[in-house]
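Next come the chains, spelled out residue by residue.
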Amino acid sequence: MATRPVEIREGHDTPGHHEEPSFFVKYLWSTDHKVIAMQYLFTGMFMALVGGFFSYVFRMQLAWPGESVPLWGLVTPAAYNMLITNHGAIMIFWVAMPVLIAAFGNYLIPLMLGCDDMVFPKLNRLSYQIFLLSVVVLFSSFFVTGGGFGGAWTMYPPLSGEAAYNNTPAGQTIFIVAVALEFVAFLLGGINFVTTAMNSRAPGMKLYDIPMVVWMIVIASIMFMASVGPLVAGAVMLIFDQTLNTAFFDPTRGGDPILWQHLFWFFGHPEVYVVLLPAVGIVAEVITVFARKKLFAYKTVLYTAIATGVLSFTVWAHHQFIAGIDPRMANIFTVTTLLISIPIAEMMFVYIATLYGGSITFSTPMLWALSFIATFLVGGVTGIFLGASGSDIYLHDTYFVLAHFHYTFYPIAIIGTFAGFTFWFPKMFGRHLNETLGKIHFWLTIIAFNGIFLPLFVTGVLGDNRRIPNHQVYPELDNPLMNGLREVATVFLVVMLLAQFVFFYNVVVSLVRGKKAEKNPWKSNTLEWTADSPPPHGNWKELPTVYRGPYEYGVPGRSEDYWPQNVPN
Amino acid sequence: MIERFLPVASTYAGDIDFVFDLIFWTVGFWFLLAQGVFFWLLVRFRKRDGVRAQYVTGELKSEKRFITIPHALVLVCDVFIVFFAIRVWYDVKQHLPEAQQTVRVVAQQWAWSFVQPGPDGRLDTADDIKTVDELHVQVGTTYHFQLVSRDVVHSFSVPVFRLKQDVIPGRVITGWFEPTRTGTFDIQCAEICGIGHGYMPGRIVIETAEQHAAWMASHSNREIAAASGPAAGGR
Ligand code: HEM
Ligand SMILES: [Cu+2]
Ligand SMILES: [Cu+2]
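As given, the protein sequences belong to chains A and B, one line each in that order.
Each residue of the first sequence is one higher than the last, beginning at 1 in our numbering.
Each residue of the second sequence is one higher than the last, beginning at 1 in our numbering.
Check before you lean on any hint, since a few could be wrong.
As the list claims (entries may be wrong) - Pairs of lysine-lysine, DSS-like flavour, derived with a Cα cap of 27 Å:
hint, chain 1, residue 1, chain 2, residue 2
1, A, Lys299, B, Lys61
2, A, Lys206, B, Lys64
3, B, Lys47, A, Lys519
4, B, Lys61, A, Lys206
Please keep in mind that the hints were generated in silico from the structure rather than gathered at the bench.
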């Protein structure tokens with residue numbers, strides 16, 4: 001039935017092509033996309049532990065102000081600011097981005113497109129090395145005189161531009177340099193992802209045959225590249241303000257602090273979707289496999305994602321409603337912001353519709369993917385309160401905002417990652433995770449996560465402001481109800497963090513004696529499952545050819561309920 | 001809803017609470033519906049022996065309806081919400097009613113100071129009344145506030161008014177409020193402004209006409225130096 005000319009391409013693992021490399025070359029100096037993916041993945045997970053530890057320290061301070069925190073000590077105001085600033089920056093730039101885009105992007109793009117590696121493998125290696133350097137630079141900022149930067153991850157000048165205001169003369173500049181290096185790493189990665197997706201598809205793979213997660217990562221990379229330019233320019237200006245005494249953002253000498261806010265949020269809002277889209281893509285792969293269903297309206301999902309990407313460039317000033325911009329401008333941004341709720345709602349509807357008529361298995365990856373939908377919905381609907389300028393006047397910069405964006409970021413960065421990690425673990429490491437441990441870890445994490453942030457919606461509505469080390473300073477915020485809710489949130493956080501030991505134990509034990517995984521344990525359609533588990537260097541001996549889209553599950557008239565992309569008929 | 005926990009003390013606080021409630025019930029409905037359908041599908045279509053998944057592409061018009069109809073309804077709700085949100089926004093931020101009194105609010109690392117006209121009713125004259133961390137206002141009076149910062153960005157937040165406005169160095173931002181009840185309430189800083197950000201609590205004292213007159217009398221001609229703080233005055 002193969003009417004298309006089938007070109008037999010040679011995988012680059014042809015015998016004689018490679019000698020056995022040394023450990024160093026194989027794992028630390030490799031250009032193999034899978035190894036680079038692992039480097040990003042494990043660095044990102046390590047950074048999540050750092051960011052999680054920071055949140056433990058400042059949440060302890062918030063629940064029991066002024067008391068010594070085990071494993072840390074007293075939390076001074078300077079330390080508090082440094083902790084929240086670096087928690088936010090780490091979670092976004094050093095966890096969500098490297099894991100969702102770089103790790104999954106690197107791992108999945110070549111394997112799902114049926115090619116042997118990225119188009120620019122050396123650029124890829126360089127990207128990780130610069131990323132690693134950015135981690136080292138960031139860590140070094142914690143140890144210089146004055147300590148790490150504490151002006152919030154949004155770095156608003158003049159606070160961030162002047163050591164006399166922020167008391168971190170060295171930390172302020174090192175922080176920005178670290179962020180800028182991280183951007184460089186992702187620009188290199190992004191070029192690679194887009195080029196590879198456009199040029200290295202397996203023969204027969206048309207654009208609508210590309211698995212959704214690959215599309216999402218590609219769209220996210222394009223958005224990142226389109227939005228980061230102004231912020232890099234802004235970062236350079238800010239560093240000049242700090243070190244060369246220029247006055248781009250210094251109002252006493254003709255500069256404008258609001259300019260920074262525009263540059264930051266012009267990047268910052270699209271950035272939210274940059275990390276959202278890959279997670280949404282991962283969820284699509286997982287739910288189609290475990291519901292045995294074709295993705296509902298593939299093209300709608302794809303065009304919705306593109307529309308979201310474009311629209312997300314027009315909403316940035318909803319972060320600045322009350323920041324002193326012309327109040328008339330808020331009206332425009334209220335409209336665009338509420339408009340963007342439509343494609344996002346649509347995406348959620350599509351996923352829910354995909355479950356209809358399915359045959360749903362509640363495996364660990366599926367539980368994570370489903371909980372993504374359930375929790376992200378909370379983040380989505382609470383965003384309406386903030387996009388509506390009228391209510392944002394009151395809610396801006398309260399814990400309501402904080403709970404809202406954690407109900408988006410946590411599903412994205414933590415739940416989405418666990419969904420992807422548990423789903424592709426058999427492929428990545430050739431062994432299965434333990435399902436029982438996986439489910440224990442899931443339930444503990446998901447219950448605790450809600451236990452942390454649901455109370456914080458309430459404290460936010462009652463008036464708790466963000467970035468304050470001790471709410472009890474304010475008489476209106478010092479009452480038994482609010483103090484109690486703060487303690488509940490912190491207790492659940494400790495539970496959530498402890499639950500991660502179950503996860504790491506599961507990973508280690510499974511790597512050593514987990515059940516061996518075959519090529520395609522989930523009976524999935526996409527190409528990565530046709531390679532060995534784990535795939536060798538070069539991925540396939542003979543590269544696959546594609547005959548259909550990625551979601552042909554339950555096709556009537558076939559004996560099997562799945563139909564892999566590479567099977568001719 | 002908010003009013004059950006936090007007093008309503010300005011003319012527009014109730015309107016902001018109304019927008020909050022409106023959104024709460026509108027999106028609450030959609031949220032519960034979506035979650036309901038979602039969990040129902042999980043139960044209804046859980047794997048059962050011998051039952052195969054259906055093949056639904058979602059590309060047919062008859063299937064797409066399930067997306068496009070809710071989608072249109074969400075749009076209608078959005079329009080509704082935008083209307084009320086902008087109405088309140090206009091009232092609080094965009095339009096400026098005639099002032100009966102004017103007060104200057106000065107933010108700095110890490111204190112609030114307030115300048116009010118003395119008996120002559122004008123700012124920037126010798127009899128101005130200056131206070132630190134405490135703002136005395138009269139109930140039922142329309143105030144203009146002029147926000148200025150001596151150093152970094154702060155945010156002037158009076159929760160019982162539901163009012164928040166960033167204070168930007170280099171600019172004077174003018175807004176308004178009209179207190180509707182007496183009492184003493186919090187003024188908070190809502191934008192991170194350095195290591196003392198959590199420690200700049202101010203208080204607003206809303207007084208009756210007589211109380212306020214008495215307070216004015218006792219403070220006239222008394223110079224209270226404006227504030228302390230390491231970076232006072234900037235560079
Ligand atoms: C591990 C569970 C987490 C907890 C308990 C937590 C808790 C918090 C809290 C309480 C704050 C506010 C501190 C303050 O304003 O005083 C905060 C800030 C923040 N968090 Fe998280 N967080 C968690 C995970 C995450 C994740 C996964 C992300 C993103 C991927 C994230 C991103 C942020 C950001 C961007 C900020 C703002 C930092 C700033 O104000 O400059 N957090 N977090
Ligand atoms: Cu935004
Ligand atoms: Cu402040």
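Comparing the hints with the structure gives:
no.	hint	in the structure
1	A:Lys299 to B:Lys61	13 Å, holds
2	A:Lys206 to B:Lys64	23 Å, holds
3	B:Lys47 to A:Lys519	23 Å, holds
4	B:Lys61 to A:Lys206	24 Å, holds
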